[in-house]
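Listed below are the residues making up each chain.
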Amino acid sequence: MLSIEEVMHIEKLARLKLSDKEREQYRKQLSDVLDYAARLNEIDTTNVPPMYHVLPVTNVFREDSPKQNFSQEDALKNAPLKENGFFVIPPILGGEE
Amino acid sequence: MDLADLTAHSLIELIKKRDVSHLEVVNSFLERIERCESRIKAYLSLRDREDIISSIREDNPYSALLIAIKDNILVKGLRATCASKILSNFIAPYNATVIEKLNQRGFNIAGKTNLDEFAMGSSTENSSFGPTKNPWDLERVPGGSSGGSAASVAMGESVWALGSDTGGSIRQPASFCGVVGLKPTYGTVSRYGLVAFASSLDQIGPITKDVTDNALLYSIISGYDPHDSTSLKLEPYRFTELQQDIRGVKIGVIRELMGEGVDNAVKNCINEAINTFESLGAIVDEVSLPHIDYSVPTYYILAPAEASSNLARFDGVRYGFRAFGQTAEEMMSNTRGEGFGPEVKRRIMLGTYVLSAGYYEAFYLKALKFRNLIASDFNSAFKEFDVLISPTSPVLPFKLGEKTENPLEMYLSDICTIPINLAGIPAISIPCGFVNNLPVGLQIIGPTFSESMLFRVAYGFEQATPFHKNRPNVGGR
Numbered sequence: 001m002l003s004i005e006e007v008m009h010i011e012k013l014a015r016l017k018l019s020d021k022e023r024e025q026y027r028k029q030l031s032d033v034l035d036y037a038a039r040l041n042e043i044d045t046t047n048v049p050p051m052y053h054v055l056p057v058t059n060v061f062r063e064d065s066p067k068q069n070f071s072q073e074d075a076l077k078n079a080p081l082k083e084n085g086f087f088v089i090p091p092i093l094g095g096e097e
Numbered sequence: 001m002d003l004a005d006l007t008a009h010s011l012i013e014l015i016k017k018r019d020v021s022h023l024e025v026v027n028s029f030l031e032r033i034e035r036c037e038s039r040i041k042a043y044l045s046l047r048d049r050e051d052i053i054s055s056i057r058e059d060n061p062y063s064a065l066l067i068a069i070k071d072n073i074l075v076k077g078l079r080a081t082c083a084s085k086i087l088s089n090f091i092a093p094y095n096a097t098v099i100e101k102l103n104q105r106g107f108n109i110a111g112k113t114n115l116d117e118f119a120m121g122s123s124t125e126n127s128s129f130g131p132t133k134n135p136w137d138l139e140r141v142p143g144g145s146s147g148g149s150a151a152s153v154a155m156g157e158s159v160w161a162l163g164s165d166t167g168g169s170i171r172q173p174a175s176f177c178g179v180v181g182l183k184p185t186y187g188t189v190s191r192y193g194l195v196a197f198a199s200s201l202d203q204i205g206p207i208t209k210d211v212t213d214n215a216l217l218y219s220i221i222s223g224y225d226p227h228d229s230t231s232l233k234l235e236p237y238r239f240t241e242l243q244q245d246i247r248g249v250k251i252g253v254i255r256e257l258m259g260e261g262v263d264n265a266v267k268n269c270i271n272e273a274i275n276t277f278e279s280l281g282a283i284v285d286e287v288s289l290p291h292i293d294y295s296v297p298t299y300y301i302l303a304p305a306e307a308s309s310n311l312a313r314f315d316g317v318r319y320g321f322r323a324f325g326q327t328a329e330e331m332m333s334n335t336r337g338e339g340f341g342p343e344v345k346r347r348i349m350l351g352t353y354v355l356s357a358g359y360y361e362a363f364y365l366k367a368l369k370f371r372n373l374i375a376s377d378f379n380s381a382f383k384e385f386d387v388l389i390s391p392t393s394p395v396l397p398f399k400l401g402e403k404t405e406n407p408l409e410m411y412l413s414d415i416c417t418i419p420i421n422l423a424g425i426p427a428i429s430i431p432c433g434f435v436n437n438l439p440v441g442l443q444i445i446g447p448t449f450s451e452s453m454l455f456r457v458a459y460g461f462e463q464a465t466p467f468h469k470n471r472p473n474v475g476g477r
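Chains as they are written, first to last, in the working numbering: chain A, 1 to 97; chain B, 1 to 477.
A few of these clues could be false.
Heads up, simulated EDC-like pairs for lysine to aspartate or glutamate below, C-alpha to C-alpha not over 16 Å straight-line [stated by the list, open to error]:
{"hint": "1", "chain 1": "A", "residue 1": "K12", "chain 2": "B", "residue 2": "E330"}
{"hint": "2", "chain 1": "B", "residue 1": "K76", "chain 2": "B", "residue 2": "D48"}
{"hint": "3", "chain 1": "B", "residue 1": "K76", "chain 2": "A", "residue 2": "D74"}
Away from chain A, derived, C-beta distances all over 12 Å, residues of chain B [stated by the list, open to error]:
{"hint": "4", "residue": "R39"}
{"hint": "5", "residue": "N103"}
{"hint": "6", "residue": "I220"}
{"hint": "7", "residue": "R247"}
{"hint": "8", "residue": "E256"}
{"hint": "9", "residue": "K383"}
Which stretches of chain A does chain B cover? Using the computed rule of at least three CB atoms under 8 Å from a CB of chain B, they are [what the hints assert, rightly or not]:
{"hint": "10", "region": "26-34"}
{"hint": "11", "region": "43-53"}
{"hint": "12", "region": "56-67"}
{"hint": "13", "region": "80-93"}
Just so you know, these hints were derived from the structure itself, not from any lab.
Predicted model only: the values in this text are computed from it and were never measured.
Cβ coordinates follow ideal geometry from the N, Cα and C atoms, glycine included.
Let the sequences and hints guide you as you build the complete structure.
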């Protein structure tokens with residue numbers, strides 16, 4: 001079973017603020033799924049290569065030539081907060097730390 | 001029968017013969033929407049009636065055949081919410097490639113359909129805007145995640161629809177709603193403009209009333225796209241009149257997907273289907289895929305891992321919902337905590353965990369190795385068989401709320417569809433029976449690029465059986 005500290009560590013890695021109730025709930029549910037996933041240890045896979053992609057895909061290259069996709073206005077249309085053609089966010093430094 | 005109950009190919013014929021007008025066809029679907037939508041809730045947003053009618057082009061039958069689009073596919077100028085609070089006000093700034101292709105043919109979009117949030121789920125109950133109901137029984141789920149698309153086609157609220165399939169999200173709702181759904185070979189349909197869930201597994205595909213419509217729509221949306229780096233440089237599938245003859249086709253029944261955990265009523269329908277195939281001259285035998293039982297744990301490591309990375313972009317900076325925070329990081333954490341629903345958070349947590357230092361090898365890398373074993377099982381089976389079959393879902397459409405308390409139980413219901421995405425191969429679900437007026441789906445699976453063979457086998461079965469003609473009760477107002 002995952003500890004609450006482990007849940008809070010994942011929460012921080014994922015930038016995902018949870019409530020106390022959610023932490024307790026996910027602690028149990030994630031543990032259930034991970035226990036189930038442990039079934040994969042039933043078979044020795046030492047010599048099996050991992051499959052990152054099912055089809056023989058290769059790197060795709062193209063000419064590095066600029067094209068207009070969106071206007072600045074369109075790119076900013078869905079922004080929660082904007083000013084003078086920029087996205088606006090709270091300060092990156094500061095706060096309680 | 002109402003025009004809204006007809007298939008696309010029969011409507012095209014009627015229009016070409018001038019037996020019906022474009023406007024009559026469009027109106028019959030709009031009337032059906034008006035009559036049924038408040039009960040079914042297939043759509044998250046509908047285009048204005050005037051816009052739909054003014055999109056009609058008298059020289060183009062497609063412009064009368066309303067199509068429904070899953071709300072994780074971008075249509076320029078329309079909302080694309082992914083059924084999530086975090087995107088509730090997001091207006092798509094560009095068209096997905098599949099939408100460009102539909103536009104080139106003059107298709108007429110009815111609206112955007114409901115789904116499990118970010119396509120994560122098997123019942124459409126994970127939608128932040130409320131569940132869709134199964135047209136065959138309003139107390140039951142339509143399946144998911146493309147539940148809105150499948151329900152709209154089944155109910156006659158659209159002629160056809162697009163869905164997306166990461167672990168069964170086209171096929172399982174098609175099965176639950178008694179319609180036809182195809183998960184194409186990975187890389188044959190562009191994913192550009194599909195909001196990414198698990199990029200190595202996601203594919204867009206058609207949901208239709210019968211196999212002919214499915215082949216027709218697949219021929220329109222498939223093909224190489226330079227905007228998608230995993231798109232394959234192949235000629236698009238060409239639609240030709242389907243042939244009914246399946247004599248001599250070798251069909252393997254996957255033993256592991258007909259065992260315990262499969263509802264007896266479902267098993268009976270599949271056994272009936274086997275009899276039908278044999279009577280049509282196909283050669284049917286059992287086949288074992290020894291690693292297929294490991295598909296669910298493999299998938300529920302890989303898909304959340306990819307999702308946790310893909311969904312990192314929803315941070316309240318460039319688009320979507322934003323919550324308050326003193327610092328940028330606090331704003332992002334709060335935005336994601338408030339903006340995502342429970343299942344999405346669960347999968348982000350799971351994915352972050354299996355990718356984190358100390359667990360990457362034990363979980364993620366291990367799962368990639370099992371993906372190889374499962375894909376190899378299919379490759380071996382296709383040395384002996386042209387196609388494989390199984391139920392699409394081990395269970396009948398379940399009741400709303402029945403599985404929401406136990407996520408693992410919900411995950412296990414994906415056992416028949418998940419292995420196909422892991423192997424990157426195509427599979428189609430077609431109706432193969434009814435139990436207590438609830439549809440049962442048959443899954444036909446082929447090797448990569450075998451869509452023509454899948455359509456042939458599916459069509460042969462369809463033409464020999466009555467199930468594709470059944471329509472749910474439209475009911476009163």
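Consistency of the hints with the structure:
1. K12(A) x E330(B): Between K12(A) and E330(B) the Cα gap is close to 10 Å, so the pair holds against 16 Å.
2. K76(B) x D48(B): Measuring from Cα to Cα gives roughly 15 Å; hence the hint holds.
3. K76(B) x D74(A): Holds. K76(B) to D74(A) sits at ~11 Å (cutoff 16 Å).
4. R39: Non-interface label on R39(B) holds, nearest chain A Cβ at 32 Å vs cutoff 12 Å.
5. N103: Holds, because the least Cβ-Cβ distance between N103(B) and chain A comes to about 18 Å, which exceeds 12 Å.
6. I220: 22 Å, holds
7. R247: 31 Å, holds
8. E256: Non-interface label stands for E256(B): nearest chain A Cβ at 14 Å, farther than 12 Å.
9. K383: Non-interface label on K383(B) holds, nearest chain A Cβ at 17 Å vs cutoff 12 Å.
10. 26-34: holds (count 6)
11. 43-53: With 8 residues close enough to chain B, the hint holds.
12. 56-67: holds (count 3)
13. 80-93: Holds, because 8 residues of the region 80-93 of chain A bring their Cβ atoms closer than 8 Å to Cβ atoms of chain B.
The structure agrees with every numbered hint stated previously.
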